[in-house]
Amino acid sequence: MEESRRQLSFWSVVTLFFLITVMSQSRLEPVSEVSAGPRKTETKVNSILIRFLQDQITDCATDVNTAKEAVAGAIKAIEKKDEATAKSEMKKADAVLANLQSKIQEFLPNKESE
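Reminder that position 79 of the sequence shown reads as 79 in my numbering, one-by-one numbering, no gaps.
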């Protein structure tokens, strides 16, 4: 139980850090190899990228909320001495956290490729 809470806190912080990083990157000027022209293509590409990242962040935030709800459900079940429900809720939270971890891992640099 305590381990799941630590994992949830950890992934909440990671998701928040990810969100801050993405939002700060979205405010940067588009990178241009050609200084002439309106850079419409780059702006369109940046808009698509920002939209994609916002969707990913929303998905991660939803996962964090789902895990929080599962942990809260497990706590209530423990208080009611309902072991089966508590185990079920913790399994649900673990599955959601594992899914969240895999989503975030996709965006982290791969040390082997560096």
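Heads up, a few of these hints could be off.
Only pairs whose alpha carbons sit at most 25 Å apart, straight line, appear in this in silico BS3-like list of lysine-lysine [claimed, not checked]:
1. Lys80 <-> Lys103
2. Lys80 <-> Lys92
3. Lys103 <-> Lys92
4. Lys92 <-> Lys68
5. Lys68 <-> Lys80
No lab work stands behind these hints: they were computed from the structure.
Proposed proximity, Lys68 with Lys92 (alpha carbon, max 25 Å): At roughly 10 Å apart (the allowed maximum being 25 Å), Lys68 and Lys92 satisfy the hint.
Given the proposed pairing of Lys103 with Lys92, does the C-alpha separation stay at or below 25 Å? At roughly 17 Å apart (the allowed maximum being 25 Å), Lys92 and Lys103 satisfy the hint.
Within a Cα-Cα threshold of 25 Å, do Lys80 and Lys103 meet the stated pairing? With a Cα-Cα distance of about 34 Å, the restraint between Lys80 and Lys103 is violated, given a limit of 25 Å.
Does Lys80 lie within 25 Å of Lys68 when you go C-alpha to C-alpha? holds, 18 Å
Taking 25 Å as the top limit, are the C-alpha atoms of Lys80 and Lys92 close enough? holds, 19 Å
Consistency note: the structure conflicts with earlier hint 1 alone.
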